[in-house]
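Visitor: Using the sequences and the hints, build the whole thing.
Below are the chains, spelled out letter by letter.
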Amino acid sequence: MTDAAVSPPIAAPRIGERLADALLSGRGIWPAVPAIIVLMIVAVIPFVILLSLGFSDIEISRGDIVSQTFSLTHLTNALGDPLYWITFQRSLSLALTTTALCILFGYPVAYLFLTGGKWTKRLILVLTIAPLLTSGIVRTYAWLVILGGRGVVNQTLMGIGLIDQPLRIMNTHWAVLIGMVQIHLPVMILPLIAVMSRHDGQIVEAAENLGASRLGTLRTVILPLSVPGIGTGAALVFTLSYTTFVVPQLLGGGNYLNAATMIYEQVVFSLEWSKGSVSSLLLMVTCLIVLVTIALVTNHFTRWAKGRDA
Amino acid sequence: MMQGPTGPTRNVATTAPVLSIGAVSKRFGATKVLEDCSLDIAQGEIVTLLGPSGCGKTTLLRCVAGFWDADGGTIDIDGQDMAPVPVNRRPVGVVFQSYALFPHMTVAQNVGYALRMSSVPKAEADEKVTDALATVSLTGFEGRYPAQLSGGQQQRVAIARVLVMEPRVLLLDEPFNALDAKLRGAMQVELRQLIKTLGLTSIFVTHDQEEALTMSDRIAVMRAGRIEQVASPDEIFDRPATAYVADFIGTSNFWDGEANSGGVTLPDGQSTKTNLSGRVRVMARPHNLRLAPPEDGPWTGTVIFHRNVGPLIEYHVETPGGETIRVANMRQERARRIADRAEVSIAVIDPANCAVYPG
Amino acid sequence: MRAYRRTSLTDALGIGAILAVAIFSLLLLVAPSIIVVIISFDTRAFVSFPPEGFTLRWYAEVFKQGELVEAMINSLQVGVTVTVLCIILGVPTALACVRGRFRGTTALSVFVLVPHMVPGIVLGVAVLFAGALVGVSPSIWLQSISITVFILAVMVRTVQSRLMRLDSALEEAAANLRATPFQGLRTVTFPLLMPAILAGAVFTFVEGFDNLSVAIFTHGFRDRPLPVELLSLVQFTSSPLVAAVSGVQIVLAIVALVLVAMSIGLDNVNE
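Residue numbers (the working numbering), protein chains in the order written: chain A, 1 to 310; chain B, 1001 to 1359; chain C, 2001 to 2271.
No lab work stands behind these hints, which were simulated from the structure alone. Just so it is clear, the structure is predicted and the values come from calculations on it, not from any experiment. Watch out, some of these pointers could steer you wrong.
[Claimed, not checked] In silico EDC-like pairs for lysine to aspartate or glutamate, Cα to Cα no more than 16 Å straight-line:
| no. | chain 1 | residue 1 | chain 2 | residue 2 |
| --- | --- | --- | --- | --- |
| 1 | B | K1273 | B | D1350 |
| 2 | A | K121 | C | D2167 |
| 3 | B | K1032 | B | D1069 |
| 4 | B | K1128 | B | E1142 |
| 5 | A | K118 | C | D2267 |
| 6 | B | K1128 | B | E1166 |
[Said to hold, decoys possible] If the Cβ cut is set under 7 Å, some of the chain B residues that face chain C in the computed set are:
| no. | residue |
| --- | --- |
| 7 | V1087 |
| 8 | N1088 |
| 9 | F1096 |
| 10 | S1098 |
| 11 | A1100 |
| 12 | A1114 |
| 13 | M1117 |
| 14 | F1237 |
Even glycine gets a Cβ: it sits at the ideal position worked out from N, Cα and C.
Guide: Here it is as structure tokens:
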């Protein structure tokens, strides 16, 4: 085969083939174009419209907008309305409490994940991911069963003779809070686990080998390293619990107003579009402010942790 | 030192080169990764691109394969310009560092892939797959998946996979990296013999000089995107064209000297010829030096360390100037071995074998 | 020489307390669902604990309720539509994000993420209003496309992370072995992306089936999806019927969990 076998002349690809390949090869932006168009039409443009509705006076007749003029009335009305302040304050404090409690209850699970064996890790993953695949309504409904007048808690308390009358837990702030924490706990645990599994188990062994107690290792090594996970988890839990609709509606008994339920009523029942738009925008803006704060705090502590290590 | 952009082929057979790389350059952003690289490869020749990581050797290989386009210069195969030819139509076969075997296909499916892609009739394709697997001694492994093979077997599948295409040029990108040290040596010899039997024109990329010396007909030593020297392994080793090549290949001792009237005086009093004048750097391989009792010569020093390198003993001798000179002597009887901390003098065995470079 | 310290009492107590909270939290995650399943077999017509007797009556009842069955079918349809749309739109987008050689690949990944970061109800309200302005009224299709936009990021990110871990030499090898870009995509890239696409499909289907925040504003007046139907059912029904519906959903969730575990493995859900 040493004598030069001349290769056959190489045919140039046909134009059609080249075009198909250029579109499909994934080197250009083309594969993403359909998604970009859909996102523009179904997300970006609607947001712009929402914004414009919140800042204008509109006149609706038979479901159509007949006139639209720029105005800040709705925004100033909303900001001057005590109901808005109360509702947003309630939503905010509920969401922040939920976030704090989720960290408190979620972190130990992540610690168990870090220190546990293979099967412990697997069990934690199953128990954390399974709820995420279950309907939020189903999970909230479970609390109706547990906290209701003839629910698990009351039956147990009466059974052991602690109380004679069923406690009224349902339709209170406490019921909402309990439901919130339980439903958003997996969202807190997952990012924590992600950070934990990124770090080598040897780092813990090294600390213990250097004479740190287990609590000391947790405080000086594990906690600083997991700050980013806490930040991510807190951001997710806050966003979800701040804007949730199901839990307050079901466990709050229909008259527990938070920002989300207020928007629902404005939009679906009283058809106040401009009000609904302003509320939605306020919800988004306040949510964003808290998220930025969480990010800043996380960054601060991450830097502190790194700086201290150095 | 360099071949011109369109310079004639050197040290190669008289027939037209199969692969001709002419003044190829490539940049990523502001970084020049290839500059004016020229190389002609004759039918059946194995040429190694050798250099440290980041020297551009893999980039050059990828330009030949067509994964990247060169910014300037030409790449011709059998006289045909490859610039307009897309990757999947170039008559080249690439053996990747990771082998890049398709994990979801069996050995037979991997090997037959190129034939399926070019719509070769099934019966003919099956026959070619069987032949290719026989060539790499993997008959009977058709139904296995890559994960069920050892590293060496995976490498042979990767080779069989490109062989079925009957490529004009074979490109091997550090194919021994994934193998453990012991297997490597055996596979090098085996692969060279296989390529030689098949008469495949090949480019082989490595950063390992021993691999290069084993595998190649010629070695192209690369440095910072340029080809420093192209020559046979013997010539590269014995007559490195630049100080860089001398330093990169084998062990070398360098010292400064002053050249005048066509010669330079060596520290032991002898002299060697050179065309250069003024400040120069002189290089001697450790096996071109020998040790003697201190009173035998003017170039003295203290042995600070010695180690066994195969049949040789390598002595590290520190001179009063603070340089460390490495001297390799054949292993001698215990009684005559020179102890550490001994005072010695160094002498050049053959001054003509010292190389002289611009200072 | 330093005396080797035994685990101190405070250390043991502290770690013990932490582990106790961890176990409590894990129980908290799973207990409510178990209680619901137990309740769903109760013979009594009201919800109480512990249950008395065992019956499958409520499960039979679920499938006798025309509205519930219709809602389930609607939600199945939304789930399937969302999944198909997410695959069609999301997989090529992930390819462009990872393999693209144009400026703004990062901007593209962020752009796809944005609708997922916005609260679902805000997206729902925005789509409802925008639709009304151009004369598109809420329907099962508006609901499907809105949820698609909301959850697309999950598909893109699941596929993206798999794609990033895929040896790019595999695609180059395909090209070198005579495959056109499209052939390479079909024979090498897609088969290797399948696990990620499957996992993404599970998540997007579940979202399409269960989503309430977007759906509540965009669903068709007559095509009520299961979550909307359930919401009113929970508020106005006191029988274990809802528990039975929940039981069905929990079974579906377990199927989804097994699918995810088999496709990409539970450890990789985070990415």
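Visitor: Which numbered conditions among the earlier hints are violated in the structure presented, ordered from lowest to highest?
Guide: 2 and 14
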